[in-house]
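Chemist: Starting from the known structure of chain L, fit chain V onto it as the hints suggest.
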Amino acid sequence: MLAFSLLTGTGTSLLVNPANGSVAHWFNERRGLASGVAFMGSSFGGVLFPLILQSLLPQIGWAWSIRVLGLILFVFCGIGVALCRSRVPPRNGTATTWRDTLPSTQIFFDGTGAMTVTTIGVVLTDLAYFIPVTYVPSYYIARQNLPSNSTLTGEAAFAYQLLAILNASSSFGRLVAGWVADRLGRYNTMIVSLFFCTVSVLCFWLPDILIADLPNTGLLIVFVLLFGFVSGSNVSLLPVCLGQLCETQEYGRYYATCYTVVSFGVLVSTPIAGGLLDAVEVSGKLKYWGVAVFTGLCYVGALLSFIWVRWRLKGEDWRAKF
Amino acid sequence: MTLSSEQDTIQSNLQPPNNEGVHDEKHRPPILRSLSHTITSTDVTYPEGGREAWSVVFGAFCGICASIGIYNSCGIFEAYMSAELLSHESKSSVGWIFGIYAFVTWFFGVQIGPTFDAIGPTALMVAGTVCTLGGIFALSACTGQSVSRTRLHPKQHLSFPVIIGELALSFMHC
Numbered sequence: 000m001l002a003f004s005l006l007t008g009t010g011t012s013l014l015v016n017p018a019n020g021s022v023a024h025w026f027n028e029r030r031g032l033a034s035g036v037a038f039m040g041s042s043f044g045g046v047l048f049p050l051i052l053q054s055l056l057p058q059i060g061w062a063w064s065i066r067v068l069g070l071i072l073f074v075f076c077g078i079g080v081a082l083c084r085s086r087v088p089p090r091n092g093t094a095t096t097w098r099d100t101l102p103s104t105q106i107f108f109d110g111t112g113a114m115t116v117t118t119i120g121v122v123l124t125d126l127a128y129f130i131p132v133t134y135v136p137s138y139y140i141a142r143q144n145l146p147s148n149s150t151l152t153g154e155a156a157f158a159y160q161l162l163a164i165l166n167a168s169s170s171f172g173r174l175v176a177g178w179v180a181d182r183l184g185r186y187n188t189m190i191v192s193l194f195f196c197t198v199s200v201l202c203f204w205l206p207d208i209l210i211a212d213l214p215n216t217g218l219l220i221v222f223v224l225l226f227g228f229v230s231g232s233n234v235s236l237l238p239v240c241l242g243q244l245c246e247t248q249e250y251g252r253y254y255a256t257c258y259t260v261v262s263f264g265v266l267v268s269t270p271i272a273g274g275l276l277d278a279v280e281v282s283g284k285l286k287y288w289g290v291a292v293f294t295g296l297c298y299v300g301a302l303l304s305f306i307w308v309r310w311r312l313k314g315e316d317w318r319a320k321f
Numbered sequence: 000m001t002l003s004s005e006q007d008t009i010q011s012n013l014q015p016p017n018n019e020g021v022h023d024e025k026h027r028p029p030i031l032r033s034l035s036h037t038i039t040s041t042d043v044t045y046p047e048g049g050r051e052a053w054s055v056v057f058g059a060f061c062g063i064c065a066s067i068g069i070y071n072s073c074g075i076f077e078a079y080m081s082a083e084l085l086s087h088e089s090k091s092s093v094g095w096i097f098g099i100y101a102f103v104t105w106f107f108g109v110q111i112g113p114t115f116d117a118i119g120p121t122a123l124m125v126a127g128t129v130c131t132l133g134g135i136f137a138l139s140a141c142t143g144q145s146v147s148r149t150r151l152h153p154k155q156h157l158s159f160p161v162i163i164g165e166l167a168l169s170f171m172h173c
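So the protein sequences, as listed, match chains L and V. Read in order, the letters of the first sequence correspond to residues 0 to 321 in numbering that gives the first Met the number 0. Read in order, the letters of the second sequence correspond to residues 0 to 173 in numbering that gives the first Met the number 0.
You can trust all of the hints, since none of them are fake.
Simulated restraints, written as ranges between beta carbons of each label pair: (1) Q160/L with V43/V: 40 to 48 Å; (2) E83/V with E315/L: 54 to 62 Å; (3) A122/V with P206/L: 46 to 54 Å; (4) E83/V with W310/L: 48 to 56 Å; (5) V67/L with E51/V: 27 to 35 Å; (6) E83/V with F108/L: 48 to 56 Å; (7) V74/L with Q110/V: 23 to 31 Å; (8) N215/L with V129/V: 46 to 54 Å; (9) A211/L with R50/V: 53 to 61 Å.
What the hints contain is simulated information worked out from the structure, not anything from laboratory work. Beta carbons: idealized from backbone N, C-alpha and C, even for Gly.
So that you can see chain L by itself, here it is in the shape it has in the complex (with noise of 0.2 Å):
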């Protein structure tokens, strides 16, 4: 089991950075859209490999159905390694040493503070991000007092299905939002996205939790659907805006560097989120009000972020791309 955390832990992302790395040697003016596409992969795994397991896993066991997800991954693997190059010669060209390799904190103190802000912003936009995708299957459970069993037996069917929902209108988000990225500037992109972000959370998951009551479930599918359409963003644009911010020799240092500061932000946000369920003595779905406005909080402080680095780059000219 450990050998599971460490080794696919390192395979993971051993993959996605290099992946995502050699997108930016190919593509500089569309590559929103670019990354838009390679990280549909994310959503078509997460779609298919579950669907792949549910069918499998009833009827040649275990061992048997993790091997031939084995085999799977063999063969995109393979793909991926024979497809993936990179473009632009190390900075340093020939005379590229380990040195090269060694991790740096000076990208943070580049004078402008944009690269600081950034990381702040894309840890905030993290932590409001996972908010919804981890607790939406347990807020349907809260919402419509199912058991606490229910995940077994399939009572809870939709809630699992609300996030199959979530990813893949995050998948056809994150097309849309590379697209007009490209065109309008990724910044700007981020700023209006993260804008509605915050909208579907405060105007429409806020709302389902405290009005007691509701007749069916609209108001909580519209806010999936409006949610996974545009934080579709959250996940691809990112690493394009963080490329904007230096050269391609060194996106894999920057891109890297801000991702690990996340993994931290990650990691101390579940107490967080954890510690806001328990700190709310209600029950049911009112529970769930306090992780909302936190969500919607960290969504603002984002979009502040974004907002300055944007004003510290580019000026006061709202309609220059950036």
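Modeler: Just chain V now, with coordinates in the frame of chain L:
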């Protein structure tokens, strides 16, 4: 005199030493020579499309599918493990498996990113394939018995690991 013509004179004044500098390339100290070999953004053009570029995007699609796809599927691993394989274990023990996985995934990027800048994707992705498959086949060999050794913090406060597990369980990053 207008501003622009002033700039012109300044530039023409600067021009000769600049050209000399280029001719003197060989006589420069080695540090300066290596600096002039540094590749800057102005030297780089991007194809922005075409068969080769989109094939890289497809490769990245597959690579991301095999990595973050697993990440997004942790929910089903978690559900099956806690219901069938590790039913005698607390939810916190199971939660840690995915907590460590999620953390390792993002944290190791700190070294992998700069390495990618220096040596490109192929070697890293081969290593990633080996690690991913090693981990998956280790998982397939997993039965309930091997767990007691890897159980981490049996008396840990429940909510933290459970929520970490839910984090990995969720479709968190994508």
